[in-house]
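J.: Using the sequences plus the hints, can you model the full thing?
First to last, the sequence lines map onto chains A, B, C, D, E, F and G. Residue numbers for the first sequence follow my numbering, beginning at 98 and rising by one. Residue numbers for the second sequence follow my numbering, beginning at 2 and rising by one. Residue numbers for the third sequence follow my numbering, beginning at 874 and rising by one. Residue numbers for the fourth sequence follow my numbering, beginning at 68 and rising by one. Residue numbers for the fifth sequence follow my numbering, beginning at 689 and rising by one. Residue numbers for the sixth sequence follow my numbering, beginning at -19 and rising by one. Residue numbers for the seventh sequence follow my numbering, beginning at 37 and rising by one.
No lab work stands behind these hints: they were computed from the structure. Everything numeric in this text was worked out from a predicted model, so none of it was measured. Since no wrong hints were added, every one of them can be taken at face value.
Not everything, but these chain G residues come out facing chain C in the computed CB check (under 10 Å):
id, residue
1, 87
2, 90
3, 94
4, 95
5, 97
6, 98
7, 99
8, 101
9, 104
10, 105
11, 108
12, 109
Derived pair list, reagent style BS3-like, types lysine-lysine, alpha-carbon separation capped at 25 Å:
id, chain 1, residue 1, chain 2, residue 2
13, A, 209, C, 953
14, F, 154, F, 23
15, F, 23, F, 1
16, F, 154, F, 1
17, E, 713, C, 953
18, C, 953, C, 1059
Backbone N, C-alpha and C fix where the C-beta goes; we use that ideal spot for every residue, glycine too.
The chain contents come next:
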Amino acid sequence: MSDIGGVDLFVLEFGDILHYFTPYSLTLFIFALIFTVLVIVARPERQLDIVFGGDAYYAKKTPISERQFRRFMAIACGLASMGAMASGDIFNYTLFVSMVGITNVGIVAAVKSRHVLNAAYEYGIVAMVGTLPLFGGAALILGTTGTLSIPALATGGYAVPLVAKILLALGVTGEGMAPFYAAKAEMFRAPGAPYVIMCSLSSLLIFLRVVEIVITI
Amino acid sequence: MLGELLYILAAAIITWLLFVSVDIFFRLPEKGGVSGASAVARDIQAAGGDIAGGNMMGNIVCSPDASAGTLLAACGVYVAGIPGGLIAAALVFIGNRICHDPGYAGTTGALLATFVVYGFTQVGFTATNFIAGTVIAILSIQGISHVHASRLLARLWRVRQ
Amino acid sequence: MILTYSIGLFVAFAVTGIAFFALMRETDGLHRLLLTDLVEVVTLAFIALVGTDLAEALILPGLVVGTSELIALSEIYRVKEGFNRPPSDGLQIEVMETAPPILAALLVGYGIILSGFSGGAVAGLGVIFYFLSRDHHERFEVIETASGYSWVIWIFAFFTFMIFPERWFFAVMLAGSAILVKVMAKMSIIGTMRGGPNV
Amino acid sequence: MIALPLVAVVAVVAALRATFERNTARKLPYVNVLNFAIAASIVLLLDHPLSLVAAAAYFVGSTLEANAIASTYAGARNQ
Amino acid sequence: MEATFILGLAILLIGVLAVAFVRPKTYVARLINLEIPGWGLLLVMLAYDETLALLTFIAVTAISTFVIVRLMEWRDESC
Amino acid sequence: MIEYLVFAAVFGLLLLGLHRKVIARIQTRPGPPIWQEILHALKFSFKSTWVPRTASATLYVGIVLIGIGIWSAAFFVVFAGESILILFAIYMLHKVVEHGFGLSSGSPYGKFGGVRSVISAASEIPLFVTIAAIYLLTGSLILRDITAYQGVHGPLLFIAPPFAIAMFLVILSKMPYGPFSIVESKELVSGYKTEHFGVWRAGLAVTEGLKTFVLLYAFVAIFIGAVPFWAALVIMTVVLISLSFVCAITPMLSPYDSVTIQGLITGLMLVYTGYLWWVIP
Amino acid sequence: MIPALEIMFGFIALVGGVSAALILDYYGKLISLGILVAGVIPFIVDRGYLDVAITVSLIAPIATIFVLRVVRRADA
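T.: Below is the structure:
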């Protein structure tokens, strides 16, 4: 396979589903792992809000029940991004990506702030719409080449249509990258730093991975 | 071709008589079994029909009655003979229970029709004739003219009374 | 075959365009939610057009993702708009007294025969329909417990796969029935949704 | 084998009449005819014991649907 | 190139148009129209013999309809 | 191994000091001494250190280590001539680190800095286009292969100057006092760095030093090719001084304008890449 | 299935679909949906999937009943 991410370090095969690591995806995987561990061990901060122009300030606390739910969602998000990093199958990758989308919504869903919830709702709509190009791209690749395995596609001999690649990239972008980011940036206003960071981290990771996939296949 | 058509017409008349008599025997035109049936009856009356006939038509719409029993019994006889007809009767019974129908018109109709259809298959008819015949019969009641069909049914109902 | 696929793809892209156009022009929250449901259907159409066994296997996860996002979004919408009064019984018609138990029994029975996720969805629909006609005095802890145990069985079945591959049939059956119970339990809880009394 | 086309023609007629009928409650008898025709054609299409069950299931299901629609309609009009 | 497939695509197209440009523009009308493309998709799946997917799809569509119905009920109750 | 890292960090800090000095001289101020940043790092190492009461302690501390960790990794990737895609990844992930710095403390200033760093996603896109174009030109993303390619065809700087400019802008957007450094603008005190003090701030300084070194070194390796190490250091210094000139004479943009300009640059790069793609085969 | 039948059942399904899209009244829409289902079922049966046909024809009314809950509220 073409070695844009470095040579293969590790390949694990389950029948025709396989997982593999290049130095590139391994880096990303480790990053996701570190942050997942951080989410597990870290307690959320107490966010201070000041009233601009005055001396008044108040601290927001994260209640226990809310914290548990959000921690769970953040861990799930970390696991999903790890899966997306390790997967060697385009459809599995898209599934993990859409799971990242869901968990991202879940991370902030428990916050009782209308502002954050609005942003989460808008983001959720975009993420759900993003599954169309995502799955559409994967299905198009399957329909035209007959395989979904990234290493198999990378060996060449398959004409992956450009539109499928564009759809794939578009879908991942829809799950939380630049042009659709506006709604997501508002989500970060929610308190609970370790969990909120997972949102931004996971979307970066899946984007970085799709860059590799699109160039490779 | 033409012969089969005649057979179907004959089957239609037989099934028509069969299920209308069973329905009237089970007092379907008396009142609507569920509120939906009454609503249908009222609208048919508003269009110039008769309330008694409308009630019966509403009941046919809202629950498997003798006509449905006849159809399914004919189907049962077609696919599996007499046992098929009995199974059809059981299915109609379940259907009645699902549709909040306390009566036994459908089941009775199915049981009767099983034997009638089976009997007629011995004298040259086929079960498919009866299936198509039932459909045409129900078309004549529900699908041609609600006003006239309801008046006809109401006249038959008064005869029974 | 190629022609079929091309025509299908053409229609799918056209439909995508229409759906996105509508979504672009829509501003109301709930309307947008409904349109995303439409987009999900279009997504599945893309996958279904591939038309192989693999496509069938891919539709199922696609469905799962779509449904879970829909449920999550509807819940967020409810909280964000501050809808906090649980609905009272909506539909008082006669058939709701008789139909649900029988239909639910039929669907659950068929779901058990079908097993796996599909069976779970079918059976879960039956259970939702059943709960809909009752007051929610059922004991939800029991459902939750069943769901938990079924998860354990599912994991156990996976280990059976790994360790005793020759017992694959047993493992498949175990996993299938466990996922059935799991999905059914989860789906049936949708019927009540959080926030109501007795939940 | 004229039964099946005959039934299908009846179905088409019923569908058209149901579509072009304006009054909601009076649509339902036409739909009922359609259901009869479809249930009959299920059996006529496939001669198999299970198709009897399929026909019954379809018929009961659609009757239930008609019943529910009619009852809700009646309930809404009574209010 | 068979009838089921073409019919499915046609209904899918009709349904999507119906949902996108819904008349009257209410939630309920849109929810009802949402079922139409589902049946079109069902026919497409049927054309490729994807029965298991088809079954699940129908069940899940009903469930998601229910989810939205439930949401609308909450809305009606609170507004 | 560790001595390379230490050297890189110290040299990077020295470059940052030089950066401040050049800016000051252009603005006719005396400016701090060149080793000021190194002194800062040392000073903070010995100041008293604790964790704020409102902060999420683990994250607050862990993010410093992660920051140092990822840039050390980037350093070795560039040094060993591995895939520049990894460098790209680390560059983007640095944003998450900034975000973490900002949010972990609970301070509103830090939070706004962090949120701004997330908004400024546009600054990474030119780099992505650059990398795609490099792949198009050289057919590989392994730094060794790129260097080898330049050995044959001459420096990429002269083959495709627009990409060098794009990369230059990318580095510029991470430089302090630059037009794109909205995350550190003065209305936010020190942006995401506000609440990190003591040893943590020293760690942050090390991260900054490493980052500056790695980015400049990568610029030299990608666009100039194989040069002796001392020459690379000299070229890095020259590039840095040119960066300082830009920083000194441009005002800081508002967040919105900053994103717009970066988006425009990305668009131009895309057009150029498309042109190359059209021309090359 | 002979083409004439395919055309007829397909026509029923299309009539159902189009009228469900065009009719403004909610009850009318739901009834049209029933017509659509009626047109679809024969295609399922023709392919031999009787179990699918059974399940589909049981699920369709359930979906309708779900929708009726809101139709009732919107109407009242």
